[in-house]
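Engineer: As a plain string of letters, each chain reads:
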Amino acid sequence: MAEFLTSKELAIKVSICLGVLVVVMCLCALVGTQNISLERVFDGPGQKPGENIDYEIFARVRLPRVILAALVGAALACSGVVLQAILRNPLADPYILGISSGAGLGVIITILSGISWSFWGGSPIGIFAFAGALITVWLVWYIGHFTGKSQATSLLLAGVVVNAFFSAIIMFLTSIAKSEQVFSTIFWLMGNITDKELSVLWVSAGCIIAGIIVLFTVCHRLNVLALGQEEAKGLGVDVARTRIVAFACAAFITAIAVSLSGLIGFVGLIIPHGVRLAFGPDHRQLLPLSAIIGAAFLVIADTIARIIVAPAQLPVGVITAIAGGPFFLILLAKYSRKVSWLK
Amino acid sequence: MNTIIKVENLNFGYTRQDTILKGISFEVIQGRFLAIAGPNGAGKTTLLNLLCGLLRPKAGSIRIDSAPVESYSAKKLAQKVAVVRQEFVPVFDFTVAQMVSMARTPYLGTFGFESNTDKQIVNEALEATETAQFALRALGSLSGGERQRVFIARALAANSPVLLLDEPTSFLDLKHQVGIYDLLKTAQLEKGKTIVAVTHDINLAAQYCDEILLLGANGNYHIGETKDVLSPEQIERVFGVRTFVGKLGQEKFFIPLGKFAKYSGQIAGKPHNIQQE
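Residue numbers (this note's numbering), protein chains in the order written: chain A, 1 to 343; chain B, 1 to 277.
Only true hints are included.
If you want the footprint, here are the derived chain A segments under chain B, 3+ residues with CB under 8 angstroms: (1) 85-96; (2) 212-222; (3) 233-239; (4) 281-289.
None of these hints come from the bench; they were simulated from the model. Keep in mind it's a predicted model, so treat the numbers as computed, not measured. Built from N, CA and C at the ideal position, the CB exists for glycine as well.
So that you can see chain A by itself, here it is in the shape it has in the complex (with noise of 0.2 angstroms):
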């Protein structure tokens, strides 16, 4: 007898992370420089402002990072999983069709060109990777429609192209940049998360959340997909249609985790990886479940990016690389056998 997925069976699975992902926040709220207490923080509600510092701390600083992170994560994982999909390759992750280098390409050049203008409280640079990144990938997009019918094959080598030649062009631009520029475009290349302000927190959220739930009804589309097109096509799917509307939500989303924090690696190649070997190839349920973990994974990298040279911090993308290989690696010789593009 075959077993089939259930809504009921998913609600149950996607309930427990989400309770596992709160507990973890807070957690990781908690910890940090300065002691808090929960009891106090607790209290805090109701209280007057000042009066009572841990909640304060809590409140107003560590958890709108804390969700900030679980964002960022969700969203590359979500974008991870879709991406590998559509393009029916396991090495994709969110870069792979050049957000990466666009949005740096946005970045570096806000630097270098010294606008000192503020957006709705913050500084340029997110809207320009924001613009960078989906430039970019409508660039790739287009010369993948432009140069070939087997669309994966082409759009992933269109995204090689792109990306390197944009990032021989950031090259250029930070050879000829002065020391301190340099060091803040590195510093936003390597993944940072950092405080926003709350109401750039809550418009992301929303548009994050929007995506991946989109993103949501095409998953059992995706299932189909990734077997190749003509598959699909052959089993009922609008492929053209359920490729853009994947794509343009994946794209999206990245875009947006990538104006809050830089380039944060590893999360969307490695967490979509690991989900899926614990819990089977079903987009229906990798897709959420990647959400959630991809969150948990980010906000505990972050935490530790935070603490381990404290008072001074890490760049969060420094930790998901070194915790993710190896982590990655083990998950990879415990479940090798069960995966057939390894043997």
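Using the hints, position chain B against chain A.
Structural biologist: Coordinates of chain B only, in the frame set by chain A:
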């Protein structure tokens, strides 16, 4: 008797200049088993891809259930026609049950969960193809013959009146070749499926198929009852190879004769007349 597939004056070529299919017209009656055979490059797979709407004809028309193929949405067409392509292993490790369930994609709602009817149909398809025992195993861990049964299970689970298959037995040993055709014949006889299979094996076609379409490399074709169309003369004309014809009861079988065939000396004098009862 309803005509379920009607092809009229079909022309197709991959570039503007060339045509590999020229002026092809035929009909398939509901519940019949049609083989498409011919030399490599004659356009057999191309014809199959035209029938399932993956390619568009340059001229002429293809009607499935009396409506033109291009008038169907992808979803509606998948409910009419199920396709089994040449064997492949997917990139991600879907289980057999997941793979077969994908046949229900055109019937699913917004969030894509299977209803009880869907589950029942999938389970029936697994039972019918004797793949239920592998239901929870990864597709990549099965042998070629088992995998092909899974793809046929998927085609059955689509509940479509028409089944199209592209060389369903090309990588299989003798036992599995016969097994696959037994399965298809059962689906034809018990469920009334209309089956169109591209094949290189004219002996299997002779044994199982009601009709055969012989597609020549130069664009000419012959279609008719298998027993009428398959003759040594016709095979030599289409495939360019001489054959030895034997008869087992009512069934003819054909053995191709190459340069080194043992009795080629004897046969040379009277090429097509060595029939043994």
